[in-house]
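Q: Model the placement of chain B on the given structure of chain A, informed by the hints.
Protein chains in written order, with the working numbering: chain A, 1 to 483; chain B, 1 to 458.
These aren't lab readings, by the way, just hints derived from the structure by calculation.
Remember, it's a predicted structure, so these values are computed and weren't measured experimentally.
Among these hints, one or two may not hold up.
[Said to hold, decoys possible] Selected chain A positions facing chain B (Cβ under 10 angstroms, derived; list incomplete):
1. ILE273
2. LEU275
3. GLN276
4. ILE295
5. ASN297
6. GLY313
7. PHE401
8. LEU404
9. PHE457
10. ARG461
11. ASN471
12. THR473
13. ASN477
A virtual CB, placed ideally from N, CA and C, is assigned to each residue, including glycine.
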Amino acid sequence: MNRKNVSYAGGTLCLWAVWGLLTLTPGKVPAQDFDFERLEQMARNFTVVIDMKLELSFGIHTTDQQERYLGTIVTEDGLVLFNGMALGENVLAAFSPFTVKTTPTKIEVTTLDEKKYDAEYLGVDRFTQIGFIKIVGDENERFTPIRFQTGRHFEVGEWLTLYMLLPEFVNPSLASDVGMVSLVVESPEFFPLTVGFSSLQMMSVLFDGELEPVGVLGALLNPSHANTDAGGMLESFSQFGIPLLGVVVGERLEKLIADPPMKGQPDRGWLGISLQALTPEMAQFWGLDVSGGIIVNDIMSNSPAEKAGLAVGDIIYEVNGGQVAVDKDENLPIFQRLIAELGPEASVELAVIRRTDFAADTLKLFVALEKAPLAATETPTYEVEFLEFEVRDLVFADYLFHNLKPETFSGVVVAKLKRGGLANVGGLRLGDIIQSIGNVPVTSIEEVSAIMKSVEFEKPREVIFFVWRDNKTLFVNVKTDWD
Amino acid sequence: MHKPIVVVWSLLAATNISAGMPGGVAQEEIFHARDKVMPALVHIQPVIKNYNTGELEKRAVIGSGVIFHPDGYVVTNYHVAGKAERIICTLYDKEQVTAELVGGDPLTDIAVLKLHLEGHTGKIQVAEFGDSDSLQVGQYVLAMGSPLSLSRSVSAGVISTKDRFFSPDVRLPSGERTGRYNLWIQTDAAINPGNSGGPLVDLSGRVIGINSRATLLANNLGFAIPINIVKETVHAILTEGKVTRSWIGLHCQALQELEEYFGTNRDAGVLISSIDPGSPAEAGFLKAGDIILEVDGTPVSARFVEEVPAFYNMIATHKPGTEISLTVLRDEQTYTFKVTTRELGQLQGEDFECKEWGCAVKAITRQMQIENQLTDTIGVYVVGVKRASAAEDGGLRPGDVITEVNNEQLSSLGNFITLYNELTSTGTDGILLTIKRGGAVRFVFVKIDHQDKESADE
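Extracted from the complex, chain A is given alone in its bound form (with noise of 0.2 angstroms):
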């Protein structure tokens, strides 16, 4: 995968952009006036079906699953966007060391015109979990790309069409629907609610009654498990189990689209902090003349926060002059996301409130963001192909997930275990920390690689594992099987 090739012409999105503000609000269509014939007609020119081959791996067990998804070509040179959902992207990866991971293996893009292309897999959005792939081939090709209205002005009772793409037995494939804009939610995010689509439909193209893009279906993102600055979520908000579904407007797409994510190479911004909300009754208590703001609850090692001096306990009430709107837990996306936005190496300038027993005083603290640390699901394993098992480095979210320091704590995770393989037999278990081999101390999968080289080359009989697991240790001897 190369960066490169999907950073394109930034200055034609900027044109989009202007061109989105000038285009206001369209009048009502009724939704029996759609033109579903012209809809159908341009649509084939960026509508594409995507066949994904993945690998689910439960780290003790693994499976290959075939997904068919609708994808929208939104770049000239074949960039698309699809339903990212089930790739995993999601605050369980962010958080917990212990989830699914899925491998795309093979894709396969074929137009409406039935051309096929491969393509490759970059990565998807944590906090909207649009995926993105690359259509690859030819690089003089150039595709029609969907182009979403940006500034776009929302009304309840405005109807919005979409495509969806049914199951391969029906016959064509290719379906429509429409659904109406119930409400435009401001807080926690801008975000139109629509009635009458399902979640079947996310990520499917929006159009209103001009026919033009104005977004794309996806759901209002609930926070509850994000209590650090470090992911994204993966709950929607729901009753009952049914999604708030609506749309993610041109904005926030042509953004995604000028810089899309990459598994593994996570570019957004980072502080470094576990976090609450400052909530009213909290402000009342200290007497703080604030409407909001983020507490900070935990400093992660060596992380911006530290660096730059914020200590637990302050309350970040401003980023860059900006108020942090924050009064509920609920709410901690609209900061999570803003420092995710302004990226790995932005110097950013916060506004806090440090509390003693006796006053508050305000203080300037300057901080310069890093780049947010990998999940357990982005960070590369090693395979020791001769004991059946893979190991991948310790991640943040291990630390966090077993209440432990980086200062005082290394390791490497065994992140897939073969059934019944030699590991497996000699007692290893998915998600032991493997802190030495045979004597020798490991902290990295470099270290391991070296290590099983050198064990590949003896040939011992067992080699011995010193592990950490539920907040102990124990030695584990697994026997080789050489010939």
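A: Same frame as chain A, but now just chain B:
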């Protein structure tokens, strides 16, 4: 509602046993053993307390026990009566008496009760304890008790194995880890829920174990605590009210298949696999991978897991505060380390229900601190949070540690209770709790709706 199933189960069990009993068994011997122990059998109905939902919940349960002293002392399982408050016992003559808890020990899952015999006119019979060290695999045994509440039941089988090992990570329903210091007698005499605390009896009519566990979805896999362990625990409870153990904070694993790697002989040494942070073992510079060869000059070994509990027990039976000398093999050299033991103390702290907030907390013991990776024992541990309560609305979760109430630093549970009572009696409508969750500090604002409270009080 459940009765038909219960009957089918017991019928099945009975069929199994008659099929498994060869004709050679002297029926007379079974009658003899029955008559010696059955009159001492007790059907126990305690009410146990549970705080896991954030409020005090009481539940009546059923267990078994056996009288071992003419003053009315009964031995049963800790998980039956160790945390009970109202205990009703039905004796063999079907008369009911109340009982009080004398003491309990979660680590061996044993509790001692005293029957209130003031109003009881019948004769009290006492069962005799045998010797569990002289048992033989294959020996006939009888299990007595109240399986699925069917009191005065006897089942028969043999000792399947006498040194069954279970991981000390197994927890009792009340949350304590158990079984670190003993092995189990395994029997195929049918043991079902309700048999817990009842006697396992040999054909001479002596109690050789206290039935405590059965295996779900298995046929006749029951487990009893060997009576010699029970005797030690009962003695400690009767003399001191509790079992006092020494703690040095090390964990061991079987040396089997690792002797060569550590350069030790067969049957020599105990392998240290893990050291608790802040423990005497850590302070004494012991580390994982050390092989303990001798304790105060006595050679020790644990080549198999079955040998590990006895080693733990050997350390535990020292008086707390004793300096013990450990001869250790490390990197092919022998060293001697001195370690001063500390009292193991209680596994779990005392519970307290915060009714107005909608949560339950408990005192933090040192063992809880280690288990939950806490930095100290300061504060109170949140056991449960009631649904839709002020505490839940404020964001409190089970596992949190409350360290401050309204900016006031907590020291102990007692200190917390005082503060809590003060706040509830003054009618404060908002309390700020400072908590620790994982490594992070958080704040929880508990907002009391007094109108809500009044309507609840009515």
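Q: Are any of the numbered hints broken by this structure? If so, which, sorted upward?
A: The structure breaks only hint 9.
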